[in-house]
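Visitor: What follows is each chain in one-letter form.
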Amino acid sequence: SQKIEQNSEALNIQEGKTATLTCNYTNYSPAYLQWYRQDPGRGPVFLLLIRENEKEKRKERLKVTFDTTLKQSLFHITASQPADSATYLCALDGGGFKTIFGAGTRLFVKA
Amino acid sequence: DVKVTQSSRYLVKRTGEKVFLECVQDMDHENMFWYRQDPGLGLRLIYFSYDVKMKEKGDIPEGYSVSREKKERFSLILESASTNQTSMYLCASSLLGLAGRAYNEQFFGPGTRLTVL
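Chains as they are written, first to last, in the working numbering: chain A, 1 to 111; chain B, 1001 to 1117.
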């Protein structure tokens, strides 16, 4: 079955730097990949979706790449701000109506 | 502003009790989902529904049941609560999607933190 691996260690970066988070999957290439943001005690909020035939997607300071050869997606936040501190979840097409979520990576941006 | 609401933010129940978690969405979405979230395990799908009165088991349905009598409401039922069901429960909804695939983003509720003593 499909498995998602996100770095369980928190990522600490300085304000203004680019944060890069990694999502690796182990099995079949998904039809799409999504990234969500989750703040403590709240539900996840959708950020971006990238499809299997797309290599890169951008939205404001966010950029997502999708490499089906490496079975990996990278999520970048440029010019990071303390308000970007949150947990970021990677999610993949699980077949049919299902989406499989990773455990997330915690990001801390220091002022 | 689109919204998914859950009946309780925090709930404390005793072992063996029957527990109802309610979820309501106001976006006219076809799909609704129930997940539980535990540290280090991510979101795990319990049940989902793609239409009124339709339901499909997710990855961890044991000990749970669901009900969808109206399009906007999806209920999760713990038939006999146990301590290993202590968790954060998240409801989500989404549009049906193309060709039966869940391409569309999911909108989540705020979650219910359930503690079973």
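A hint or two may mislead.
Said to hold, decoys possible - Lysine-lysine pairs mimicking DSSO-like chemistry, simulated, CA-CA at most 27 Å apart:
id: 1; chain 1: B; residue 1: Lys1057; chain 2: A; residue 2: Lys98
id: 2; chain 1: B; residue 1: Lys1071; chain 2: A; residue 2: Lys3
id: 3; chain 1: A; residue 1: Lys55; chain 2: A; residue 2: Lys110
What the hints assert, rightly or not - Ranges between beta-carbon positions, derived for each pair:
id: 4; chain 1: A; residue 1: Gly16; chain 2: B; residue 2: Met1054; range: 30 to 40 Å
id: 5; chain 1: A; residue 1: Asn12; chain 2: B; residue 2: Lys1070; range: 20 to 30 Å
id: 6; chain 1: A; residue 1: Thr22; chain 2: B; residue 2: Asp1038; range: 20 to 30 Å
Claimed, not checked - Chain B residues, not near chain A, derived (Cβ > 12 Å throughout):
id: 7; residue: Ser1007
id: 8; residue: Leu1011
id: 9; residue: Phe1020
id: 10; residue: Ser1049
id: 11; residue: Lys1053
id: 12; residue: Thr1083
id: 13; residue: Ser1094
id: 14; residue: Arg1113
id: 15; residue: Thr1115
Treat the hints as calculated values from the structure; they're not laboratory data.
We put the CB at the ideal spot given by N, CA and C, even for glycine.
Visitor: Each of the hints needs a verdict: does it hold here or not?
Guide: Hint by hint, here is what the structure shows:
no.	hint	in the structure
1	Lys1057(B) to Lys98(A)	holds, 10 Å
2	Lys1071(B) to Lys3(A)	violated, 31 Å
3	Lys55(A) to Lys110(A)	violated, 30 Å
4	Gly16(A) to Met1054(B): 30 to 40 Å	violated, 49 Å
5	Asn12(A) to Lys1070(B): 20 to 30 Å	violated, 46 Å
6	Thr22(A) to Asp1038(B): 20 to 30 Å	holds, 22 Å
7	Ser1007	holds, 14 Å
8	Leu1011	holds, 14 Å
9	Phe1020	holds, 19 Å
10	Ser1049	violated, 9 Å
11	Lys1053	holds, 16 Å
12	Thr1083	holds, 22 Å
13	Ser1094	violated, 8 Å
14	Arg1113	violated, 8 Å
15	Thr1115	holds, 14 Å
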